[in-house]
Amino acid sequence: MDVQAISPLVIFVAAITTNNILLTNFLGMCSFLAISNDLGSSLGLGAAVTFVSLCTAPLNWIVYHWLLVPFHLEYLQYIVFILVIAAFTQIVEMMIERLSTPLYLTLGIFLPLITVNCCIFGCALFLVIRGYTFLQSVAYGAGCGAGWALAIVALAGLRERMRKRSKVVPELEGPGIALILTGFMAMAFVGFSGIVRIN
Amino acid sequence: MSEVVTGVGVLSAVSVGLTVLLLVAEAIFATYGECEIDINKGERTFKVTGGGSLLRTLAGQKLFLPSGCGGRGSCGTCKCKVLDGGGPVLPTELPYLNPEERRTGIRLACQLKVKENVRIEIPADLLSVREFQAVTERITPLTHDIRGLRFRLPEGETVRFKAGQFVNLVSKPYGDVTEPTSRAYSISSAPADNRALELVIRLVPNGLVTTWVFNHLKEGETATLIGPYGEFFLRDSAREIIFIAGGSGLAPIRSIVLDMIERGITHRPATFFFGAVKLRDLYYVEEFQAIAAKHPWFRFKPALSGDETGHPWERGLITDVVARSYGTLDNHEAYLCGSPGMIGACVKVLTGKGLPENLVFYDKFS
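Protein chains in written order, with the numbering used here: chain X, 1 to 199; chain W, 1 to 366.
FYI, nobody ran anything at the bench for these hints, they're computed from the structure. Treat the numbers as computed from the prediction; the structure is a model and nothing was measured. Note that the Cβ used here is the ideal one computed from N, Cα and C, for glycine as well. Accuracy of the hints is not assured; some may be wrong.
[Stated by the list, open to error] Over the 10 Å line for every Cβ pair with chain X, so calculated as not near, a few chain W residues:
#, residue
1, Glu3
2, Thr6
3, Val10
4, Phe29
5, Ala30
6, Asp84
7, Leu90
8, Pro91
9, Lys113
10, Pro123
11, Thr136
12, Tyr229
13, Glu262
14, Gly310
15, Arg315
16, Lys353
[As the list claims (entries may be wrong)] Straight line, CA to CA, 25 Å or less: simulated DMTMM-like cross-link-like pairs of lysine to aspartate or glutamate:
#, chain 1, residue 1, chain 2, residue 2
17, W, Lys115, X, Glu97
18, W, Lys79, X, Glu97
19, W, Lys113, X, Glu173
20, W, Lys172, W, Glu121
21, W, Lys62, W, Glu100
22, W, Lys218, W, Glu240
23, W, Lys47, X, Asp2
24, W, Lys81, X, Glu160
25, W, Lys41, W, Glu155
26, W, Lys115, W, Glu219
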C-alpha cells in the first residue's frame with residue numbers, strides 16, 4: 001500500500017482509534033497514570049498534549065526533511081526532536097502565561113509536565129518511520145494528541161466513577177487498578193480494527 | 001570525519017537557534033515592566049522589575065521571608081498574605097493552603113509571580129529581617145564537638161531580635177562544595193548585646209555548614225547572617241518556667257535567661273534542665289551556676305545520662321530527671337530546644353503531668 005496516498009483524514013481517525021498511541025503503543029504512560037485521578041485536570045492535560053503534538057509534529061517534520069535529511073544526519077533525530085519539543089513547550093508556556101491567565105491556569109501549568117512526554121516524542125518518530133507527507137503529519141499529530149486525550153479522559157472518568165461506586169481491593173488501589181482499566185480499554189479499542197487501516 | 005563535523009555543526013546550530021528563540025520569547029513575553037510592591041499598607045514600598053517570583057523579588061530588596069526549600073514550592077514556609085495583585089491561586093500552591101488560608105488570601109511567595117502592583121502583609125518582625133556581613137570576632141571551643149561563635153556587626157549597625165529567635169548562617173564555597181549553603185542556628189547572646197550575634201554550633205558529621213564552620217571559618221573573616229526569624233521566645237505570663245535543652249539547644253535558652261535578667265523579670269521561677277551524656281559534653285556551666293547563685297528565681301540542673309560518677313549533677317535521661325522533679329504541672333510553661341527525639345519524649349512527660357500542649361514551646365533541630 002502506498003503510504004502517501006492515504007488521506008490525512010483517515011490517518012487522523014486511525015490515530016485516535018485503531019492506532020491510538022496510548023492504548024496500542026502504550027506511550028505516554030507516566031502522566032497518563034499520574035494525572036488521571038481527576039477529570040478536570042485530565043481534560044486540561046489532554047488539551048495540552050493535543051495542542052503540543054499538533055504543533056510539534058509538523059515542526060519536527062520540517063526539521064527532519066529540511067535539515068537532517070539534506071545533511072544525512074537522520075541518526076540525530078532523537079536528540080533534535082527532543083530539543084524542538086522542549087523549546088516549543090517552554091515558549092508556548094511563556095506566551096500563554098503572558099496572554100491569558102484563565103488559559104494558563106487550565107492548560108499552561110501542564111506544559112512543563114509534557115516536555116518529555118513519550119506520546120509526543122513517539123508521534124514525531126512514527127511520522128518519520130512511516131514516511132508521512134507534511135499534511136499527513138499534521139493530521140497524525142492532531143490524531144495522536146486527541147487519541148491520548150480521549151484515553152486519559154476516559155480513564156479519569158472511570159476512576160472517578162469507581163471511587164464513588166465500587167470497592168477496589170486495597171492492594172490494587174491507585175496505579176494498580178488504573179493499569180487494569182487501561183488493559184480493558186485497550187482491548188475495547190481492538191473493536192475499532194477494520195474501520196480504517198494505516199499500517 | 002566530515003560527518004562528525006556536520007553532525008556537531010547542525011546540532012549546535014539547532015541548539016543556538018532554539019536558545020535565541022527562547023531568549024527572544026522571554027524578552028517579549030516574560031517582562032512585566034515596573035511594578036510597585038506595598039508592604040503592610042504603606043509601611044514600606046518599592047519599585048521592582050516584574051516577572052520574578054515574589055520571594056525572589058523581596059529578597060532582591062533584602063527582605064527575606066523564611067523559605068526552607070529555596071523556592072521550589074515544596075515546603076510551604078514562605079506563606080504571606082496578599083491583599084491584591086497576586087492573581088488567582090495556582091494549583092501548585094493548593095496543597096499547602098488550608099481552606100481558612102485560601103479564604104484570607106494567604107499565598108506561597110515562591111510560586112506567585114510579580115506581574116503588576118502587589119500589596120502584601122507580612123509579620124512586622126520580618127521587616128527587621130536583614131542580611132548582615134559580620135566579622136567573626138571569636139571562635140571558642142565549648143566541648144569536643146561544640147563551638148561558640150561571636151560575630152560582630154559592621155560599624156554602626158545594630159540588630160533587633162527576640163531572645164530565642166534564630167538566624168541563618170551562610171557558608172562560603174569550600175572543597176567540593178561549590179554553592180553557598182545556609183542553615184538556621186539559634187542566637188545565644190542577649191538582645192541587649194545588639195552589636196553582635198553569638199551562635200552555638202555543634203559539628204554535624206558531613207554537615208555542609210558545620211564542616212565549613214569547624215574546618216574553614218577563621219577569626220577575623222566575614223560571614224553572612226540572615227535573620228532574625230522564629231516563634232520561639234518567652235511568652236508574657238506569670239507561670240513558672242521549665243527550660244529543657246540538649247546539646248547546642250542551650251543557645252536560645254541562654255539568650256532568654258540573659259534577657260530575663262536584663263529586663264528584670266524576677267517574679268517567675270525558672271528551672272533549666274540541661275541534658276548531656278558525659279561530663280565532657282557540658283558547657284557554659286560556670287556561667288549558669290553564677291546566674292543561679294545571684295538570682296534566686298533561677299535554678300540550673302544539668303543531667304548526665306552516661307555512667308560517670310563523681311559529679312554533682314543529676315543522673316539519668318533528661319526526661320526522667322524532669323519527671324521526678326515535678327508533681328502535677330498546673331501553673332507552668334515549658335520551653336524546649338534539642339533533637340526531635342528528645343523534644344518528643346519531653347512533650348510526652350510534660351503533658352502526662354497535666355501541662356496543656358499549647359504551653360509547651362519548642363524549636364526542633366532536624
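Each hint, compared with the structure:
1. Glu3: violated, 7 Å
2. Thr6: violated, 5 Å
3. Val10: violated, 5 Å
4. Phe29: About 4 Å separates W:Phe29 from the closest Cβ of chain X, which leaves it inside 10 Å; violated.
5. Ala30: violated, 5 Å
6. Asp84: Non-interface label on W:Asp84 holds, nearest chain X Cβ at 15 Å vs cutoff 10 Å.
7. Leu90: Violated, since 7 Å does not exceed 10 Å.
8. Pro91: It is violated; W:Pro91 is separated from chain X by about 6 Å at its closest Cβ, not greater than 10 Å.
9. Lys113: violated, 8 Å
10. Pro123: holds, 29 Å
11. Thr136: W:Thr136 clear of chain X: closest Cβ-Cβ about 42 Å, beyond 10 Å.
12. Tyr229: Its Cβ never comes within 10 Å of chain X, the nearest being 30 Å, so this holds.
13. Glu262: holds, 51 Å
14. Gly310: holds, 58 Å
15. Arg315: The claim stands: W:Arg315 keeps its Cβ more than 10 Å from every Cβ of chain X (closest is about 49 Å).
16. Lys353: holds, 40 Å
17. W:Lys115 x X:Glu97: holds, 10 Å
18. W:Lys79 x X:Glu97: Distance of about 22 Å is within 25 Å: holds.
19. W:Lys113 x X:Glu173: Measuring from Cα to Cα gives roughly 37 Å; hence the hint is violated.
20. W:Lys172 x W:Glu121: violated, 32 Å
21. W:Lys62 x W:Glu100: violated, 30 Å
22. W:Lys218 x W:Glu240: Judged against 25 Å, a Cα distance of about 41 Å means the pair is violated.
23. W:Lys47 x X:Asp2: Status violated; Cα separation ~64 Å.
24. W:Lys81 x X:Glu160: Status violated; Cα separation ~34 Å.
25. W:Lys41 x W:Glu155: Violated. W:Lys41 to W:Glu155 sits at ~32 Å, over the 25 Å cutoff.
26. W:Lys115 x W:Glu219: Violated, at about 44 Å.
Hint violations for this structure: numbers 1, 2, 3, 4, 5, 7, 8, 9, 19, 20, 21, 22, 23, 24, 25 and 26, all remaining hints satisfied.
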